[in-house]
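Starting from the given sequences, assemble the full structure and let the hints guide the process.
Numbering (the working numbering), first residue to last: 4 to 134.
By construction, these hints were calculated from the structure, which means they are not laboratory data. Backbone N, C-alpha and C define an ideal beta-carbon position, used for all residues, glycine too. Keep in mind that the hints are not guaranteed to be accurate.
[Claimed, not checked] Taking CB as the label site, the calculated pair distances span: (1) Q91 / R29: 24 to 32 Å; (2) R68 / A105: 20 to 28 Å; (3) K123 / A57: 36 to 44 Å; (4) V108 / L21: 29 to 37 Å.
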Amino acid sequence: MKFKPVRRRKSAETDKPLYAYPGLNRVIHERARLSVLTSLATHPRGLKFGELKALSGLTDGNLSRHLQVLVGSKLVDVTKKFERNRPQTFCQITASGRKRYADYVLELEKVVRDAAVAVKVPPARRRASLA
Numbered sequence: 004m005k006f007k008p009v010r011r012r013k014s015a016e017t018d019k020p021l022y023a024y025p026g027l028n029r030v031i032h033e034r035a036r037l038s039v040l041t042s043l044a045t046h047p048r049g050l051k052f053g054e055l056k057a058l059s060g061l062t063d064g065n066l067s068r069h070l071q072v073l074v075g076s077k078l079v080d081v082t083k084k085f086e087r088n089r090p091q092t093f094c095q096i097t098a099s100g101r102k103r104y105a106d107y108v109l110e111l112e113k114v115v116r117d118a119a120v121a122v123k124v125p126p127a128r129r130r131a132s133l134a
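This is how it looks when you write it as structure tokens:
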């Protein structure tokens, strides 16, 4: 069986390859960071470190390292404060982080739609999976 290369089509409105997906941000796209950002996006007031750890399923060290990357990219703010004389680490998505996350999700939806068309998923199932 010979491999037949697929000709890349160009998008009508731009001169970029149709399936390039430039909006897939490498910082956000990593599974653990995507989990952290999704957790924080669904909790606009932010989360304590322990709550975020439980929602994302990460270990203390792993979560800490991913938060460093997200803080460095200005997607998340981390503050330390005291609650009942105990130190608490509080994490919150930034305004620019929320926008970048929303843009990323829109780009990811394009990937899912294109993939559904490629594998011939019926339109009714496509709409249900994106809901």
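Evaluated hints:
{"no.": "1", "hint": "Q91 / R29: 24 to 32 Å", "verdict": "31 Å, holds"}
{"no.": "2", "hint": "R68 / A105: 20 to 28 Å", "verdict": "25 Å, holds"}
{"no.": "3", "hint": "K123 / A57: 36 to 44 Å", "verdict": "39 Å, holds"}
{"no.": "4", "hint": "V108 / L21: 29 to 37 Å", "verdict": "20 Å, violated"}
The earlier numbered hint that this structure contradicts is number 4, and it is the only one.
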